[in-house]
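Asks: Produce the complete structure using the sequences and hints provided.
Protein chains: 2
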Amino acid sequence: MPGNAQIIDGFIQAWNNLDMEAIMDHFTEDAEYANVPMGPPNVGKAAIRAFIEGFLGTTTEIQFVVHHQVEGATGVVMNERTDKLVMDGRTVELPVMGVFEFRDGKICAWRDYFDMGGFA
Amino acid sequence: MPGNAQIIDGFIQAWNNLDMEAIMDHFTEDAEYANVPMGPPNVGKAAIRAFIEGFLGTTTEIQFVVHHQVEGATGVVMNERTDKLVMDGRTVELPVMGVFEFRDGKICAWRDYFDMGGFA
Chain Y
215 MPGNAQIIDG
225 FIQAWNNLDM
235 EAIMDHFTED
245 AEYANVPMGP
255 PNVGKAAIRA
265 FIEGFLGTTT
275 EIQFVVHHQV
285 EGATGVVMNE
295 RTDKLVMDGR
305 TVELPVMGVF
315 EFRDGKICAW
325 RDYFDMGGFA
Chain B
215 MPGNAQIIDG
225 FIQAWNNLDM
235 EAIMDHFTED
245 AEYANVPMGP
255 PNVGKAAIRA
265 FIEGFLGTTT
275 EIQFVVHHQV
285 EGATGVVMNE
295 RTDKLVMDGR
305 TVELPVMGVF
315 EFRDGKICAW
325 RDYFDMGGFA
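Going down the list, the sequences are from chains Y and B. Per our numbering, the first sequence starts with residue 215, numbered consecutively. Per our numbering, the second sequence starts with residue 215, numbered consecutively.
No lab work stands behind these hints: they were computed from the structure. Because the structure is a prediction, the values reported are computed rather than measured. Hints should not be assumed to be uniformly reliable.
Same chains, same label: a pair holds when it works inside one copy or across any pair of copies.
Straight line, CA to CA, 25 angstroms or less: simulated SDA-like cross-link-like pairs of lysine to any residue [to be verified]:
hint	residue 1	residue 2
1	Lys259	His282
2	Lys298	Glu267
3	Lys298	Glu246
4	Lys259	Gly332
5	Lys298	Gly332
6	Lys320	Gly303
7	Lys298	Arg317
8	Lys320	Asp302
9	Lys298	Met252
10	Lys259	Glu315
11	Lys298	Ala248
12	Lys259	Gly331
13	Lys320	Met330
14	Lys320	Ala261
15	Lys259	Ile276
16	Lys320	Arg304
17	Lys320	Gly332
18	Lys298	Gly331
Replies: Structure below.
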């Protein structure tokens with residue numbers, strides 16, 4: 215069984231491949247996904263799918279570059295990344311930290327922290 | 215010798231105590247401290263001290279509440295926090311993630327990620 219950090223390695227790869235089904239396969243049914251500066255989390259797989267479909271509708275290239283990633287004794291994973299995106303033909307490089315919680319080998323909570331001004 | 219996560223526990227306590235010297239004692243001479251959305255890091259203890267003195271000049275209460283903290287195999291520590299501050303008499307609650315790198319039991323790099331709009 216892969217450790218949680220390895221699960222996140224696969225999750226990042228799914229994003230970089232723009233692979234919607236592989237991304238969704240990483241979440242529990244009741245998962246909560248928050249872009250913290252954007253407000254309350256998307257709760258449940260249907261809401262998460264709708265949010266990510268919207269995101270991938272405008273994003274044609276993704277490269278999440280992981281600088282550091284750590285897994286704690288409790289299984290929580292955190293990483294520090296630069297999320298390189300091509301959105302509506304515009305290139306964005308967003309400094310991000312994320313935290314991931316797990317249940318039964320799936321992500322049950324994901325929160326990303328970044329500066330909204332980074333999109334401006 | 216305390217682990218790096220324990221060193222950060224003490225560092226957080228020093229902030230909550232508004233204890234300038236205890237805060238500074240945690241850094242290497244050549245440390246780099248970045249509030250990522252605010253731009254390039256403060257480099258070296260003198261620059262870090264000047265920045266923190268400015269911050270503590272307007273901040274009369276600090277409570278850094280740590281929700282999750284993990285230490286990786288390489289010794290890097292990351293945490294997810296709510297930084298509760300009273301600045302110029304105004305209460306601010308800022309969602310933050312931070313990453314800490316170490317050399318010889320001192321912090322040589324610290325980067326905090328948050329939304330600048332959280333100060334508004």
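Asks: Tell me the numbers of any earlier hints that the structure contravenes, in ascending order.
Replies: 4, 6, 7, 8, 12, 13, 16 and 17
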